[in-house]
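Chemist: Here is how the chains run, residue by residue.
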Amino acid sequence: MSPEPTIRPRTLAEKVWDDHLVVKGENGSPDLLYIDLHLVHEVTSPQAFDGLRAEGRPVRRPDLTIATEDHNTPTLAIDKPIADLTSRTQIDTLRRNAQEFGVRLHSLGDVEQGIVHVVGPQLGLTMPGITVVCGDSHTSTHGAFGAMAFGIGTSEVEHVLATQTLPLKPFKTMAITVEGTLRPGVTAKDIILAVIAKIGTGGGQGYVLEYRGSAIRSLSMDGRMTICNMSIEAGARAGMVAPDETTFAYLKGRPHAPEGDDWEAAVEYWRTLQTDDDAVFDAEVFLDADELEPFVTWGTNPGQGVSLNERVPDPSTIIDPNERASAERALEYMDLEAGTPLKEVRVDAVFMGSCTNSRIEDLRAFASVIKGQKKADGVRVMVVPGSARVRIEAEAEGIDKIVEEFGAEWRFAGCSMCLGMNPDQLAPGERCASTSNRNFEGRQGKGGRTHLVSPLVAAATAIRGTLSSVSDLSEFAARETVEV
Amino acid sequence: MDKIDILTGVAVPLKRGNVDTDQIIPAVYLKRVTKTGFEDALFAGWRNDPEFVLNQPAYQNPRVLVAGPDFGTGSSREHAVWALRDFGFTAVLSSRFGDIFRGNSGKQGLLTGQVDEADIERLWAAIEAQPGVEITVDLIERTAAIGDLTVSFAIDDYTRWRLLEGLDDIGLTLRDEEAITEFESRREGWRPRTLPVK
Numbered sequence: 001m002s003p004e005p006t007i008r009p010r011t012l013a014e015k016v017w018d019d020h021l022v023v024k025g026e027n028g029s030p031d032l033l034y035i036d037l038h039l040v041h042e043v044t045s046p047q048a049f050d051g052l053r054a055e056g057r058p059v060r061r062p063d064l065t066i067a068t069e070d071h072n073t074p075t076l077a078i079d080k081p082i083a084d085l086t087s088r089t090q091i092d093t094l095r096r097n098a099q100e101f102g103v104r105l106h107s108l109g110d111v112e113q114g115i116v117h118v119v120g121p122q123l124g125l126t127m128p129g130i131t132v133v134c135g136d137s138h139t140s141t142h143g144a145f146g147a148m149a150f151g152i153g154t155s156e157v158e159h160v161l162a163t164q165t166l167p168l169k170p171f172k173t174m175a176i177t178v179e180g181t182l183r184p185g186v187t188a189k190d191i192i193l194a195v196i197a198k199i200g201t202g203g204g205q206g207y208v209l210e211y212r213g214s215a216i217r218s219l220s221m222d223g224r225m226t227i228c229n230m231s232i233e234a235g236a237r238a239g240m241v242a243p244d245e246t247t248f249a250y251l252k253g254r255p256h257a258p259e260g261d262d263w264e265a266a267v268e269y270w271r272t273l274q275t276d277d278d279a280v281f282d283a284e285v286f287l288d289a290d291e292l293e294p295f296v297t298w299g300t301n302p303g304q305g306v307s308l309n310e311r312v313p314d315p316s317t318i319i320d321p322n323e324r325a326s327a328e329r330a331l332e333y334m335d336l337e338a339g340t341p342l343k344e345v346r347v348d349a350v351f352m353g354s355c356t357n358s359r360i361e362d363l364r365a366f367a368s369v370i371k372g373q374k375k376a377d378g379v380r381v382m383v384v385p386g387s388a389r390v391r392i393e394a395e396a397e398g399i400d401k402i403v404e405e406f407g408a409e410w411r412f413a414g415c416s417m418c419l420g421m422n423p424d425q426l427a428p429g430e431r432c433a434s435t436s437n438r439n440f441e442g443r444q445g446k447g448g449r450t451h452l453v454s455p456l457v458a459a460a461t462a463i464r465g466t467l468s469s470v471s472d473l474s475e476f477a478a479r480e481t482v483e484v
Numbered sequence: 001m002d003k004i005d006i007l008t009g010v011a012v013p014l015k016r017g018n019v020d021t022d023q024i025i026p027a028v029y030l031k032r033v034t035k036t037g038f039e040d041a042l043f044a045g046w047r048n049d050p051e052f053v054l055n056q057p058a059y060q061n062p063r064v065l066v067a068g069p070d071f072g073t074g075s076s077r078e079h080a081v082w083a084l085r086d087f088g089f090t091a092v093l094s095s096r097f098g099d100i101f102r103g104n105s106g107k108q109g110l111l112t113g114q115v116d117e118a119d120i121e122r123l124w125a126a127i128e129a130q131p132g133v134e135i136t137v138d139l140i141e142r143t144a145a146i147g148d149l150t151v152s153f154a155i156d157d158y159t160r161w162r163l164l165e166g167l168d169d170i171g172l173t174l175r176d177e178e179a180i181t182e183f184e185s186r187r188e189g190w191r192p193r194t195l196p197v198k
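Protein chains in written order, with the working numbering: chain B, 1 to 484; chain R, 1 to 198.
It should be emphasised that the hints constitute simulated quantities derived from the structure, not laboratory data.
Glycine is no exception: its CB is placed at the ideal position from the N, C-alpha and C atoms.
Heads up, a few of these hints could be off.
Unchecked claim - Among the chain R residues that face chain B by a calculated CB cut under 10 Å, a handful are: (1) Lys107; (2) Glu184; (3) Arg191.
Stated by the list, open to error - Here are the simulated DSS-like cross-link-like pairs (lysine-lysine), alpha carbons at most 25 Å apart as the crow flies: (4) Lys169(B) with Lys24(B); (5) Lys172(B) with Lys198(B); (6) Lys169(B) with Lys107(R); (7) Lys371(B) with Lys343(B); (8) Lys198(R) with Lys252(B); (9) Lys107(R) with Lys24(B); (10) Lys80(B) with Lys31(R).
As the list claims (entries may be wrong) - Just the calculated beta-carbon pair ranges, DEER-fashion: (11) Glu259(B) with Ala179(R): 25 to 35 Å; (12) Pro423(B) with Thr143(R): 50 to 60 Å; (13) Asn55(R) with Glu344(B): 50 to 60 Å.
Bound conformation, chain B alone (with noise of 0.2 Å):
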């Protein structure tokens, strides 16, 4: 637990891991590792809870254990009780089971609900150098302030609700340079979307990834957030980014950050946090920031991505016979001909928000865009907050008020039009710029067509009927800078 003396070089993964052995695993049986932080929604953990329930056991740790509800959550009127069945089911169970095993939960109506991986970090639960889990795969998103945090099944939910610990095997590591200074414009999302389209939806597994480089250094924590949330479209289970002064500075006088004795025995510690030197990662990625471009998928993986500036791309060119077979099956779901610019396309629906870009200063770069303008007509605009707080907060700013004059739709939060568990749903046909974290086919609803894209790009998307950037915007090709 304190740092011990070690010769071997490390990586920040394996200083994390190393710390939360309870059990180090022997002839090629997994470790037992301690979480820290095991965060709870209404989709996975039903039967977990029913498992104890079966055999007896209380939650051993309900002091590190939260849950909210966000997955089902309607995003308007929300002091009504949910129309779907299961939704309701599901959100009734999680009360039920809360109450009975003395875990906190923020419902729908209070002021700290919320998609599950905005809730953490805004409350100061989500630090540096802890292990955090989730039934759902979205979990890395908490890599960014240099925690272990990856997605679990619900049979190992039931098993840290039991235990607070889980038994696995070791990760392997890949260090994800990228060195250089975005421009104007290009954003996280857009660096995460370039690295999916680079090492493929697979080229992760087994892998937890470290992001580094001048790039990533430069990005505040909703960045670092973005990028590591999408960790698990490339494939991985983790994404991290080792702690800083931006990580401490945002941690500091949150709700649950430590405190005063607490709170400088945990930054000494935070800082030495950092790979080694000469620590050895298994895998090594580079990309060069001052080259990117706002970026867009095409596709329905996440792998399936260009700069926006490029065309849809021509499945015939495409060496791999499974990937060609996949890119020609994706263009048909898509409707697209390859050889159109995509700046060309056009979309029915905007939607701005999910565990991946829907904290505050998500809407704060998409709001900029189109302060004073109106969206294109026949395009549906949803901007849906990441938390009742992330709401709040832009409210005080006066982003509602913005978002309504411009014409959208701002509504309550949730995981809403990510992945359509609630009302908020594409129509079969329908094609949609959304800032989400999945363009698989259905998934914002059946039949319903999705490009992945930067809040910017959103915004951008919105004012113009086609997929866009800023620099597409007259009033924005001469800004030097857009505040991201």
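Given the coordinates of chain B, assemble chain R onto it according to the supplied hints.
Modeler: Relative to the frame of chain B, chain R by itself:
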């Protein structure tokens, strides 16, 4: 999780290959919020066929499923194991299993024994000669026997040990509870706590 060493019960021949987890339990049943009570969902797509083997009077209260090759392929849903277990099955024998299904089974007290395809055929013949006959599955000896016919099955040592001891994943971890408690006593004060609410 109950311990398994030697079990005896009605054997059911499922003479189909490639029974994936969508066949074992269709997706529509995954919306439930419980971990038990899935007996009605088992093979739901086939159950309304009166000819289906589980609908035949001889095979009521079954205990051991003797299935064709590649049983439990496809989706990772743990519900497939729950449905078999809730229906009353304690063991499945097949010549090949889906990897994830087999892993899930071992963790939830369902024995999956790998039997040579020719031996599966022999077991089917023995069952059909005498529908409703009982089979004895001996996890200690790794054998399955109907009357004079005894075949052997493969199961990895670790899973076998867990089933013999009746240890689910949590039970296994709780054997290290002292180490967990000791670890907790060393945790620093700055680490996050969700309670009391701040």
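Chemist: Does each hint fit the structure? Answer for all of them.
Modeler: Hint check:
| no. | hint | result |
| --- | --- | --- |
| 1 | Lys107 | 7 Å, holds |
| 2 | Glu184 | 8 Å, holds |
| 3 | Arg191 | 5 Å, holds |
| 4 | Lys169(B) with Lys24(B) | 10 Å, holds |
| 5 | Lys172(B) with Lys198(B) | 19 Å, holds |
| 6 | Lys169(B) with Lys107(R) | 17 Å, holds |
| 7 | Lys371(B) with Lys343(B) | 22 Å, holds |
| 8 | Lys198(R) with Lys252(B) | 14 Å, holds |
| 9 | Lys107(R) with Lys24(B) | 21 Å, holds |
| 10 | Lys80(B) with Lys31(R) | 22 Å, holds |
| 11 | Glu259(B) with Ala179(R): 25 to 35 Å | 30 Å, holds |
| 12 | Pro423(B) with Thr143(R): 50 to 60 Å | 56 Å, holds |
| 13 | Asn55(R) with Glu344(B): 50 to 60 Å | 58 Å, holds |
Of the hints listed earlier, there is not a single one the structure fails to meet.
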